[in-house]
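Q: Listed below, chain by chain, are the residues.
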Amino acid sequence: GDSVTQMEGPVTLSEEAFLTINCTYTATGYPSLFWYVQYPGEGLQLLLKATKADDKGSNKGFEATYRKETTSFHLEKGSVQVSDSAVYFCALTIGSIQGAQKLVFGQGTRLTINP
Amino acid sequence: DAGVIQSPRHEVTEMGQEVTLRCKPISGHNSLFWYRQTMMRGLELLIYFNNNVPIDDSGMPEDRFSAKMPNASFSTLKIQPSEPRDSAVYFCASSPGTGSIAKNIQYFGAGTRLSVL
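First to last, the sequence lines map onto chains A and B. Residue 15 in this note's numbering sits at position 15 of the first sequence, with consecutive numbering throughout. Positions in the second sequence are counted from 1; adding 1000 to them yields this note's numbering.
Worth flagging that the hints you see were computed from the coordinates, not collected in a lab. Among the hints, a few may not be true.
What the hints assert, rightly or not - Chain A side only, calculated, beta carbon under 8 Å to chain B, not exhaustive:
no. : residue
1   : G43
2   : T93
3   : L103
4   : F105
Said to hold, decoys possible - Straight-line Cα separation of at most 25 Å, DSS-like style, residue types lysine-lysine; simulated pairs:
no. : chain 1 : residue 1 : chain 2 : residue 2
5   : A       : K77       : A       : K56
6   : B       : K1103     : A       : K68
7   : A       : K52       : B       : K1103
8   : B       : K1103     : B       : K1068
9   : B       : K1068     : B       : K1024
10  : B       : K1078     : B       : K1068
11  : A       : K77       : A       : K52
12  : A       : K56       : A       : K68
13  : A       : K52       : A       : K68
14  : B       : K1024     : B       : K1078
15  : B       : K1103     : A       : K56
16  : B       : K1103     : A       : K60
Note that this is a predicted model, so its numbers are computed, not measured. Built from N, CA and C at the ideal position, the CB exists for glycine as well.
Could you build the full structure based on these sequences and the hints that come with them?
A: Dropping the structure here:
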């Protein structure tokens, strides 16, 4: 079935370091891909998305490119800040006939940025 | 916009008691999702509704769990009887459900942290 695999956490970096969180997926058809972020004590919120191959999603300095050939959607940021400390989830849609499509989430990667 | 509203934020109960979690989706959204999050199992989709109709409840753990959506602005998740292994954070999310791109963006509530003693 459709699935998402993220790199194991936790990830700990120093402020201003370069960040990569790997995400690969298995899906039938052509899913849309998402990164969600969960700050401590809060629900998930959309960080960025891409709906077709070679699309690049970006937001708040984060970027991810939909790579169909490698079935990947890696999250990157050039210079992380302490405020980026959170849990990051990669996700894809599973199609349904009508209405919203349910998301399949990866296991989440906890990121801690030290000053 | 108030966002997705869940209540209560925290619930502590004893094993065997009935627990009801509540969710008010964003006005105008047609789809609603219930999730459970634990350290061991991560984020699990329990059930989702489109236009108040349950579409997929394959994630509901067992008959002790039930969910309803009597109208477009309210949903409940009920556990009866509750057990300690039900302790988790339960999230509700809503989605527009229409439109080619926006329909799949889910907006999450702050969650209900349930502890069953």
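Q: Now tell me if each hint is right for this structure.
A: Against the structure, the hints:
The beta carbon of G43(A) comes within 3 Å of a beta carbon in chain B, closer than 8 Å, and the hint placing it at the interface holds. Of the supplied interface hints, the one on T93(A) holds, with its beta-carbon coming within about 5 Å of a beta-carbon of chain B, less than 8 Å. For L103(A), the interface hint holds, the least distance from its beta-carbon to any beta-carbon of chain B being 6 Å, beneath 8 Å. With a least beta-carbon distance of about 5 Å to chain B, the hint placing F105(A) at the interface is held under the 8 Å criterion.
For the given pair, K77(A) sits about 13 Å from K56(A) by alpha-carbon distance, which is consistent with the 25 Å threshold. Distance hint between K1103(B) and K68(A) is fulfilled; the C-alpha atoms sit about 22 Å from each other, no more than 25 Å. About 15 Å separates the Cα atoms of K52(A) and K1103(B), which keeps this hinted pair within 25 Å; it holds. With a CA separation close to 22 Å, the supplied pair K1103(B) and K1068(B) stays within the 25 Å bound.
Pair hint K1068(B) plus K1024(B) holds up; C-alpha atoms about 12 Å apart against a cutoff of 25 Å. A C-alpha spacing of about 9 Å is found between K1078(B) and K1068(B), which places the hinted pair at or below 25 Å, so the restraint holds. Between the alpha carbons of K77(A) and K52(A) the distance comes to roughly 21 Å, so the proposed pair stays at or under 25 Å and holds. Of the pairs offered as hints, the one joining K56(A) and K68(A) holds, with about 12 Å between alpha carbons and a cut-off of 25 Å not exceeded.
Taking the CA atoms of K52(A) and K68(A), the gap is near 8 Å; set against the 25 Å cutoff, the hint holds. Proximity of K1024(B) to K1078(B) is assessed by CA-CA distance (about 15 Å); at most 25 Å being required, the pair is judged to hold. Using a Cα cut-off of 25 Å, the hinted pair K1103(B) and K56(A) holds, with the two alpha carbons roughly 19 Å apart. Taking the CA atoms of K1103(B) and K60(A), the gap is about 22 Å. The hint holds against a cut of 25 Å.
When the structure is compared with the earlier hints, no violation turns up for any of them.
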